[in-house]
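Trainee: Everything in the sequence shown is counted per our numbering, starting at 183 for the first residue and increasing by one.
Any given hint might turn out to be false.
Unchecked claim - Here are the simulated DSSO-like pairs of lysine-lysine, each with C-alpha atoms no more than 27 Å apart in a straight line:
1) K408 to K331
2) K377 to K311
3) K227 to K209
4) K248 to K297
5) K227 to K311
6) K297 to K209
7) K294 to K269
8) K294 to K408
9) K408 to K297
10) K254 to K209
Calculated directly from the structure, the hints in this document are not laboratory data.
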Amino acid sequence: MALICPIILFPELAHTDYAQAAECTTKVCINVYTQDGQLVIEAHKGSGPKVHVTRRPAPKVAPRPKPKVAPKPRVTPLITSTYIAPKRVPRKKVARAKTVRKVVPKVSLNDKLIKLIPTGNIAHEPSSKAVVNIPVIYWCDLPGVFSTKVAIIGEAVDVAMRPSFLWSFGDGSFYATTSPGAAYPNQVITHTYRKSGTYAVVLVATWGGTWSNNGVARAITGEIRKVSVTTVNIANAPTRLTK
Numbered sequence: 183m184a185l186i187c188p189i190i191l192f193p194e195l196a197h198t199d200y201a202q203a204a205e206c207t208t209k210v211c212i213n214v215y216t217q218d219g220q221l222v223i224e225a226h227k228g229s230g231p232k233v234h235v236t237r238r239p240a241p242k243v244a245p246r247p248k249p250k251v252a253p254k255p256r257v258t259p260l261i262t263s264t265y266i267a268p269k270r271v272p273r274k275k276v277a278r279a280k281t282v283r284k285v286v287p288k289v290s291l292n293d294k295l296i297k298l299i300p301t302g303n304i305a306h307e308p309s310s311k312a313v314v315n316i317p318v319i320y321w322c323d324l325p326g327v328f329s330t331k332v333a334i335i336g337e338a339v340d341v342a343m344r345p346s347f348l349w350s351f352g353d354g355s356f357y358a359t360t361s362p363g364a365a366y367p368n369q370v371i372t373h374t375y376r377k378s379g380t381y382a383v384v385l386v387a388t389w390g391g392t393w394s395n396n397g398v399a400r401a402i403t404g405e406i407r408k409v410s411v412t413t414v415n416i417a418n419a420p421t422r423l424t425k
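Throw the hints in and build the complete structure from the sequences for me.
Mentor: Dropping the structure here:
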């Protein structure tokens, strides 16, 4: 049987990189965005907004007049004895305590972390001997939410991303959902083929979400798309001859 694979155009799959402006405080700047199908978390210190303080000029104070001091009379010293230098007593050597230096680990002021988003596999039932006019159940093994917590330059960043799904069943039919589906008896995602053949089934998972720091949540600019492909063979239903 020939592979039935119609031309599928996904204009939203055009590769686009996004970067949002970093959220800054007076101590740290954090930026979470998507690039090349990956999640990027950046942070650096010392680049937050500066507070401009205007200082008032100090008032001018007139200098105080200095009092006049009468010169002291000169005194001629009398030499009454001969100076004898004292004998030097050698000092005892005292052992000095050794100074222990503490090694303080250096803290990076700039850091960049990259997180990979999982790619799902497509499954279907029946896995073989599917026939026309009988629904085929589809699902994938992606989680309903991808969450991670990272520590970067002393700051804790929480990331939560959720997928949405677009199914292409290979015969020109599409189905959009936010559920990954499940195996029988759950029949959330099904499709019925009207003709026999081998079909290419494409699943596009689009990830989007939020990140938070110090209790403040912000949207991640950009999306991550993962594509999975499989094939399904559909046979003609057996015919029965009746009299």
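Trainee: Work down the list of hints and note, for each, if the structure agrees.
Mentor: Here's how the hints hold up against the structure:
Between the alpha carbons of K408 and K331 the distance comes to roughly 22 Å, so the proposed pair stays at or under 27 Å and holds. Of the pairs offered as hints, the one joining K377 and K311 holds, with about 14 Å between alpha carbons and a cut-off of 27 Å not exceeded. With a CA separation close to 6 Å, the supplied pair K227 and K209 stays within the 27 Å bound. A distance of roughly 74 Å separates the Cα atoms of K248 and K297; the hinted pair therefore is violated under the 27 Å criterion.
For the hint pairing K227 with K311, the CA-to-CA distance comes to about 60 Å; that exceeds 27 Å, so the pair is violated. Note on K297 and K209: the hinted pairing holds, with a Cα-Cα distance of about 24 Å set against a maximum of 27 Å. With a CA separation close to 70 Å, the supplied pair K294 and K269 exceeds the 27 Å bound. Distance restraint check for K294 and K408: the Cα-Cα separation of roughly 23 Å lies within the 27 Å cut-off, and the hinted pair is therefore satisfied.
Annotation: proposed proximity of K408 to K297 holds, straight-line Cα distance about 14 Å (limit 27 Å). Note on K254 and K209: the hinted pairing is violated, with a Cα-Cα distance of about 62 Å set against a maximum of 27 Å.
Checked against the numbered hints listed earlier, the structure breaks hints 4, 5, 7, 10; every other hint is satisfied.
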